[in-house]
Amino acid sequence: MSVRRFPLPSAAAVLTTALALTLTACGDPDAPAGAKAQAPQAGCIKDFDPGTDYFPVKSQVKHAKNFTLRYEKSYQVLTVKEPYPKGRPESYVLVKCGAPKPELTGALAKAQQITVPVKSLYSASTTHLPLLTETGTLDVLTGVASKANISSAEVIERVEEGKVTEYAKDRAINAETVIGEQPDVLMTQGTDDPQYPKLRQAGIAVVANAEWLEPSPLGRAEWVKAMAALTGAEKRADELFDTVEADYREVAEKAAKVSEPVQVLPGTMYQGTWYMPAGGSYAARLIKDAGGTYPWSGKGGSGNLQLNFEAVYAKGGDAPVWLADQRWKSTADAVKADNRYGKLTAVSDGEVWTNTKALGPGGGNEYYERGVLRPDLVLADLFALLHPEQAKGHTFAFYRQVPKA
Amino acid sequence: MTTPLAIEPEKPEKPSAVRPRRRRAAVVLALAAGTAALFVLTVATGSHRVPVAEVVRVLLGGAAKDPRWTVIVEEVRLPRALTATAVGAALAVAGVQMQTLFRNALADPYSLGVSSGASMGVAAVVVGTGGVAGSFTGDLAGLGRVGVVLAASIGAAAVLALVLLLSRWVRSAVTLLVIGVMIGSAATAVVGVMLVYARPERAQQFVMWGLGSFGATTWPDLRVMLPVVGAGLLLAALTAKRLNALLLGEDYARTMGLNVRRSRDLALLGTSVLAGAATAFCGPIAFLGLAVPHLTRVALGTSDHRALIPASMLAGAFLALACALLSQPPGTDSVLPLNAITSLFGAPVVITFLIRSRRGVQGVAS
Amino acid sequence: MTETLTETAAQPGIRTGGLETEELTVGYRTRSRSSRAVLSGLALHAAPGELTVLLGPNGAGKSTLLRTLCGLLPPLEGRIRIGGADLARTSPAALARRLAVVLTDRVDAGLLSVRELAGLGRHPHTGFTGRLTAADHAAVEWSLKAVGADHLADRPAAELSDGERQRVLTARALAQEPEVVLLDEPTAFLDVPSRVALTVLLRDLARDKGLTVVVSTHDLELALRVADAVWLVDRTSRVHAGAPEDLIRGGAVASAFDADHLAFDPLTGTFGLRRATRAAVAVDAPADVLPLVERALAREGLSVADTGAGADARVSWTEGSRFTLVGPDARTTEAHGFHELTRTARTW
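Chains as they are written, first to last, in the working numbering: chain V, 1 to 405; chain W, 1 to 366; chain Y, 1 to 348.
Some clues are possibly wrong.
Only pairs whose alpha carbons sit at most 30 Å apart, straight line, appear in this in silico DSBU-like list of lysine-lysine [as the list claims (entries may be wrong)]:
1. Lys-86(V) with Lys-46(V)
2. Lys-65(W) with Lys-315(V)
3. Lys-65(W) with Lys-404(V)
4. Lys-73(V) with Lys-119(V)
5. Lys-343(V) with Lys-65(W)
Under 10 Å between C-beta atoms, here's a sample of chain Y residues computed to sit facing chain W [what the hints assert, rightly or not]:
6. Pro-92
7. Glu-116
8. Leu-117
9. Gly-121
A few chain W positions that, by computed beta-carbon distances, are all more than 10 Å from chain Y [as the list claims (entries may be wrong)]:
10. Pro-20
11. Val-40
12. Arg-49
13. Ala-64
14. Pro-67
15. Val-178
16. Val-196
17. Tyr-197
18. Val-224
19. Leu-269
20. Ala-340
21. Leu-344
Keep in mind the hints are simulated off the structure, nothing from the lab.
The beta carbon of each residue, even a glycine, is placed where N, CA and C say it ideally should be.
Sequences and hints are given; from them, build the entire structure.
See the structure below:
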């Protein structure tokens with residue numbers, strides 16, 4: 001499965017930043033054309049009435065654990081519990097445009113107030129782009145950290161029209177650019193950056209998007225609702241999420257009926273250490289929901305376990321399926337990387353699968369971007385490769401079988 | 001790793017000479033026994049319980065009852081134990097050579113930038129190649145492990161060549177040391193820039209390489225690494241006499257008839273081969289090369305390289321095996337990063353040892 | 001060993017033994033292929049069995065000469081012969097078996113025993129591995145005994161006193177079994193007894209073992225007393241050679257070292273403070289006390305009048321170092337001990 005983030009003590013910050021910045025987005029080409037109708041410019045209040053509830057559509061957060069939404073009549077409070085690893089909770093007061101700024105006390109007195117729907121948004125991570133394209137709110141995107149890795153045709157077109165500013169081309173945020181352009185909001189990549197306090201001081205709202213700290217696949221996908229709270233696309237986001245959830249459930253229920261879960265071997269070895277998703281991780285949850293299991297699925301934690309090959313081989317060497325994450329052309333490449341891979345049953349049987357089917361033109365992997373919003377597709381892939389007899393004719397979105405050599 | 005020890009047999013006609021020689025023999029014997037014991041322990045224990053009789057059967061070339069046991073002993077444990085032994089010895093001896101050559105207690109195998117050069121090579125392969133997705137050709141996966149090792153070796157060799165070239169014009173060893181440190185920083189800076197533009201998964205692979213590991217080597221690796229390390233150790237053993245002459249400084253060495261420049265080149269070559277091979281296969285392993293020479297000097301009670309080099313080989317192998325065991329405690333599945341073990345567990349042990357030994361870091365002029 | 005082992009000693013007719021220079025110019029080559037000569041035209045000879053001392057004021061070029069003689073600096077011109085063999089045509093290894101050196105560098109011997117440190121001197125004699133044979137061990141023991149350091153053999157070299165360390169470094173040089181030993185300021189850090197002991201030791205080594213020993217030193221008086229031969233570099237970069245007495249007699253020592261406040265006394269071979277005499281004092285004291293009184297008064301600028309006549313004042317000694325003083329003003333005072341004597345005399 002994916003080894004997206006490792007709990008590396010050193011360089012962790014650099015890497016997570018690197019990750020979030022370069023993950024290449026790929027917009028969903030099937031995004032409904034009618035979504036444009038919900039453009040954010042629509043929703044300003046005229047003749048404010050304190051008694052009116054200005055949020056007819058209220059998003060319910062069902063799976064995500066890392067953010068909450070609370071509705072008042074003319075504003076809502078978005079709270080991110082862990083805006084970056086080990087960060088303290090941050091709340092943002094999202095005020096419907098046209099409504100007076102609420103006088104708040106207590107914990108919210110110093111919270112940033114953001115007028116919604118926002119008209120301009122800077123995005124630190126390409127994982128945000130599907131959240132915009134699939135809810136038809138791409139118009140608000142006016143800045144990205146780096147253009148290089150965008151792979152969605154829709155977004156690239158917008159960039160080429162000159163409507164998008166690049167503000168962190170060489171990893172470091174160019175604070176002058178951001179302050180000069182004054183976007184309504186900058187959405188973070190779920191890590192901290194020394195520039196963020198400066199931007200806040202300059203009056204730019206910095207809103208954390210820490211979807212990657214969410215252990216459940218549906219929880220990650222549900223962050224589309226946090227984005228919608230900013231863009232005002234609550235209705236479309238709810239519909240989208242409900243579909244994803246229903247599709248996910250359907251596959252999960254099918255998988256639950258399987259008499260015995262299939263043994264899989266997730267993870268990859270680097271320098272002799274096997275990075276295995278911990279039992280509480282995103283990847284572990286997907287495997288479980290797809291009707292699979294692996295020897296460390298009971299080991300808690302949301303990150304990766306670092307295991308020696310001996311343990312992996314002794315406990316999981318005979319698993320019929322191996323879920324790796326390398327871009328191998330054939331199983332011979334795997335054996336070239338470490339000849340001990342050749343001792344795995346899955347390798348000799350040619351049952352090696354990697355999540356590298358959908359690679360963007362810039363080198364990014366859509367699994368890490370669109371896959372975040374579409375766990376239903378990921379789960380369907382996993383179910384199909386674990387139970388091929390029950391998913392005949394399945395078209396894989398992210399996973400591919402590594403040809404046996 | 002037992003090379004013949006250049007230690008005098010006890011001579012009854014010189015009773016005063018017996019005491020220090022006996023101590024040295026005892027230290028060397030203890031180290032040899034300890035290394036052998038840890039080697040056995042590393043091969044006999046692990047995450048998975050393999051009966052000792054079966055381990056022995058596999059080591060003798062047979063097949064175990066459970067075919068998995070054969071794989072575990074043959075493909076996992078034995079390569080790891082051999083790697084730790086060889087790399088521990090290599091780094092320790094390289095450290096001895098550097099500390100004596102530069103008469104500096106803080107010199108270590110990496111002081112000349114060899115590991116930075118290796119890092120640069122690895123970064124170039126892991127990070128720099130194959131920018132165009134869809135074509136996998138330039139990918140690390142395409143090159144496999146051979147690519148990483150080759151890149152590290154080329155990087156280390158490039159730095160070595162540069163240092164040796166500069167040493168033609170540099171008379172003072174201290175200047176050379178400063179140059180080496182600067183070359184190292186430059187290489188590290190280049191790596192940093194490469195990482196900025198790297199795809200994150202690849203940057204991660206580089207970071208994992210930097211954590212150091214004895215567990216990554218397989219038999220094809222060992223077939224290259226063991227002869228290279230063996231040659232480096234042999235070269236080092238043959239420079240013992242030269243290094244002894246350098247103990248009093250280069251001027252004294254010259255007046256004793258030593259060709260100082262050639263000795264320096266030989267020691268630099270030996271160090272770089274040893275450190276380069278270790279780094280290429282296991283990543284930059286911290287601490288062993290710096291600490292083992294000090295520990296060994298204090299334990300032996302001498303800076304005489306004819307005793308120090310063989311004893312350092314054993315001590316290095318011993319400590320490396322101990323770190324290997326600690327990083328994968330038997331009975332657990334997990335792996336702790338090797339460099340965390342060498343530094344976090346090793347440093348306090350060494351500091352305690354050196355403070356208790358009263359004389360501290362000695363035997364290296366500063 | 002990779003050094004070529006060419007012996008160039010067999011040149012009958014030229015061989016004189018010891019250390020010899022011919023038209024030697026020493027100095028430094030500068031970057032631009034030019035050179036700066038420090039001393040030139042040197043024709044010096046240090047004979048076997050003799051202690052030759054290299055003397056001269058600071059900066060006169062003693063170290064440059066010595067470093068050239070031991071092969072660490074190339075000569076600018078001329079030749080050096082060690083035991084008749086041309087130094088320039090002797091391989092480093094062969095040279096090391098003929099010539100050994102004790103340098104000024106303060107060595108940090110580290111974790112070596114005294115025996116091991118001296119044993120380093122066997123380097124030019126041992127084989128490829130540096131393993132010491134029984135003969136090598138014997139040479140080391142001999143060298144330690146020769147410098148009187150055999151009782152220190154098992155001590156860590158790092159724990160030695162300065163004097164002991166210089167002895168051991170000398171033993172290391174002797175362990176090379178050289179014909180010639182060069183020592184650069186070996187007494188520099190030593191206290192007076194150690195200086196005397198080491199200098200005498202070096203002379204005895206030269207005499208007893210037939211070695212050619214060349215020592216540079218600042219310790220003029222001791223050197224002049226002990227040396228068999230002196231090479232004296234004067235202020236004009238001329239080098240005078242000869243027995244100490246030859247140089248004293250010829251005035252070379254005085255001209256090299258005399259300064260405003262220092263005068264060399266050729267008779268005693270020592271330096272005295274040069275001071276104008278204020279007055280003459282008649283002294284009445286027994287012969288064993290008289291020189292001390294004279295010395296004390298000289299410090300106060302007073303000379304002792306040979307006879308009572310012409311004396312401005314008078315000092316009489318009585319038992320128990322009591323002095324009766326009659327000053328120039330004819331007042332009589334008592335002084336107890338030399339300190340009170342000099343304090344009173346200072347007021348005259």
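Hint check against the structure, violated hint numbers in rising order: Hints 1, 10 contradicted; others consistent.
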